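Number of protein chains: 2
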Amino acid sequence: MKIAIDAMGGDFAPENIVKGVNEAKKNYPDLEFMLFGDGKKIRQYLQDENQVEIIETTEIIDFHDDPVTAIKTKKDSSLVRAISAVKNGEADAVLSAGSTGALLTGGLMLIKRIKQVSRPALMSTLPSADGAGFDMLDLGANTENTAQHLVDFAILGAYYAEQVRGIKNPRVALLSNGAEESKGSPVTKEAHGLLSALTDINFIGNIESRDILSGGADVVVADGFTGNAVLKAIEGTASLLMKQIKSAIMNGGFSAKIGGALIKKPLSSLKDLLSTDGAGGAAFVGLKAPVVKAHGNSSAQAIATAIGQIHRMLASDMTGKLVEHFEKRDQH
Amino acid sequence: MKIAIDAMGGDFAPENIVKGVNEAKKNYPDLEFMLFGDGKKIRQYLQDENQVEIIETTEIIDFHDDPVTAIKTKKDSSLVRAISAVKNGEADAVLSAGSTGALLTGGLMLIKRIKQVSRPALMSTLPSADGAGFDMLDLGANTENTAQHLVDFAILGAYYAEQVRGIKNPRVALLSNGAEESKGSPVTKEAHGLLSALTDINFIGNIESRDILSGGADVVVADGFTGNAVLKAIEGTASLLMKQIKSAIMNGGFSAKIGGALIKKPLSSLKDLLSTDGAGGAAFVGLKAPVVKAHGNSSAQAIATAIGQIHRMLASDMTGKLVEHFEKRDQH
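Residue numbers (this note's numbering), protein chains in the order written: chain C, 137 to 468; chain V, 137 to 468.
Only chain C is shown next, with the shape it has when bound in the complex:
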C-alpha cells in the first residue's frame, strides 16, 4: 500500500508533513510513501528514507490559486504530481494539507469518481459528547444537491463508518429542520423516502443540527451548502465560547485567575474533544481512490493520524467494496 503525499501543502509544510510521516512509519511498516516536493527541505526533517521515495517537484499550489486554473497549469506542483501518481497507478491514495479546492478539483479531474456515484462528497469525523464521534457529509464539495446525491452520500458515509471506523451497522441520519418524517425541504423529503426504502443501510430518519453533537447518529447526511454552514457554525461557536471563557477568566480578577489555573487541566480535555488532531483529515469520498485533506495547520500528530485513517481505508478495501455496492445497485 503506497500513499502519495503532497509534502509542500499546508501552513507548516514540509516540516509537519514529514514529521507526521516519520511517526506513521513506526505504526505502519506495511505502508510506503511517495513524498512530492523540495527534496532538500524534505530531507531536513525525514528521519530515514526507509519506506520512502522522494520525488522532486518545482511548483507549489497555495490558498490564493484558483483551483481549476492551478490544477491545469501547475503541472509540476507537489499536489498535482501526487494526485497524478494515484491516477497513473503508482500510488493507492493521496494526502494533502494544502488547498481544499485544488485537492477536490484535482481529485475529481484526475482520479475521477466511481462511475455509479452521482457526486463525491467531503466528509469529516466530528466530535460528539459521547466520545464516539460521527461522520458528516457533504461538508462543501457541492453547493446544491438532489435527493439522489443525498442517497449516495448516505451509502458512502455508511461504508466509511463501518469499514474505517469499525462501527457495526452504523446509524445513518438525514439533517433536517425537524426529527419528524414530515419535516424538511422538498429535496430532503424526497431523500427521506428513498432512504427509507433502502434495505442495506441502517437509516434512522431525520436529525436536527442541535442533536448531532450529542451522538444521535453515526453518519449525518446533508447537502453540501447546508453541511458546510453547519460545520462552520459549530466551529465558530466553539471557538468563540472558548475565547469568551478565557477572557472571562482573565478579566474576572485575582480569584478568577486562580480558578482558571485550577481548571486548566480539566478544560484541556475539552480542547482535546474539539481538536482535529485525533480525528484524521476530511475524506473526499466517492472517488476511485482515497483522497484525504488534512487541516492546513495540521500538527505532525494530525498528519500521522490522517495516514492511519488512509491505512484503514486501504486495508479494508473500502473503495473496492463501494464499487461493488454501486455496480450491484445499478444492475437492479
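If you are wondering where the hints come from, they were derived from the structure by calculation, not from laboratory data. Since the model is a prediction, treat every value here as computed from it, not as a measurement. Hints may be right or wrong, so weigh each one.
Because identical chains share one entry, a pair is satisfied inside a single copy or across any pair of copies.
Cut-off 27 Å, straight-line C-alpha distance, at most; resulting in silico cross-link-like pairs (DSS-like, lysine-lysine) [as the list claims (entries may be wrong)]: (1) K208 with K319; (2) K464 with K325; (3) K223 with K161; (4) K319 with K248; (5) K211 with K138.
Since chain C is already given, all that's left is putting chain V on it; use the hints.
Relative to chain C, chain V alone:
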C-alpha cells in the same frame, strides 16, 4: 397601541406570561394589553387590571397539535383568538410563547403577509462577541427559498435592525459557503447579484456561518432550511460546551471544584451572553402586523423584553414603513 397576548401558550403559562405583562406595564404606560385565556388563572398572577382587558377562551393549542388543523378547528383557543384580534383591528400586534408552527400558520392565514413581500420570515436577534448582536432570518418559516425571497428577507431585516434596534445603515450580509462573491449555491449567487444592485440597503456581501457570531454583520440573510440548521447548530454547540465545562469541573477533582467556584461569576456573564432573556422573541416579519414568538420556556423577564420589542416595532411604525417601501419598489 394594543398588544394581543396568548396568555396560555408556553411551558410556564399563564404565570410567566402574566408576570411579564406586570413588568412591562411599569415601563410602557402607553401600551394596552388584551390577555386571552383562563381568566381565573390569569387574575391569580395579574397585579392589577390597569391597561389590561381579559378575554375568556376555552381552548389551548399545544406543541403536539398539527398547526394547520389547530388554527382551523380550535377557534376558541387563546392563540387563535389573539391572532384574530389583530386581524379584526382590535389589537395592533400579537405575542405568544406557544407553538411556533401554529403562530406562523395563524399569522399567515389570518393577519396575512404584506402584499408585495414574497415570503414572510422568522427572525431572531442572536448574540455576538462584540455584544451588539445581529438579526438572522429566515430561521425556518420556509423550507425552500428563491433568490427573490432572500432579497425580501434582506429588506425586512434591514428595516428591523434600523427601526427596532436603532442601528443606522445596518450591514446586511448573505450567508454563504465563502466570503468571495463567486461562492454560493445557485440561489445565493443569484441573490448576491440582486442584492448588489439594490441602492437602499447596505449590502456587504457574503458571510460564512463561522463569522456571524463575531459581529461581522448586523443582519444575516439565509434560506429557511439553512438558517434553521445554523441556528440549531449554534444552540447545540453552546449547550454541549457548557455541559462539558461543568462536567470537566465536577469530575476534575477537589482543586477543579474550587477553581469552578472561583470562576462561577465570570462564567455567568457568559451565560447572559447566550441567554434569550435579553434578546426578545423571534419576530415573524413580512406580515401586516407585528407577530412575535417568545421562547416556550420564557421567564417573566423574557416576556417583558419581548413586549418592549413589540413596543419599538409599533412606535417606529416599522410595518407601515415596510408597506411603503415595497409599494414603491413595485411601482418601478
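Here is how each hint holds up against the structure:
Taking CA atoms no more than 27 Å apart as the test, K208 paired with K319 passes between copies only; the shortest distance there is 20 Å, against 43 Å inside one copy. Proximity of K464 and K325 under a CA criterion of 27 Å is satisfied intra-copy only: 25 Å inside one chain copy versus 38 Å between copies. Taking the closest pair of Cα atoms, K223 and K161 come within 27 Å of each other only inside a single copy of the chain (24 Å); across copies the shortest separation is 73 Å, beyond that limit. For the homomeric pair K319 and K248, the shortest alpha-carbon distance between copies (23 Å) is at most 27 Å, but the shortest distance inside one copy (35 Å) is not.
In the homo-oligomer, the alpha carbons of K211 and K138 lie at most 27 Å apart inside one protomer (21 Å), although the nearest pairing across protomers, at 70 Å, exceeds that limit.
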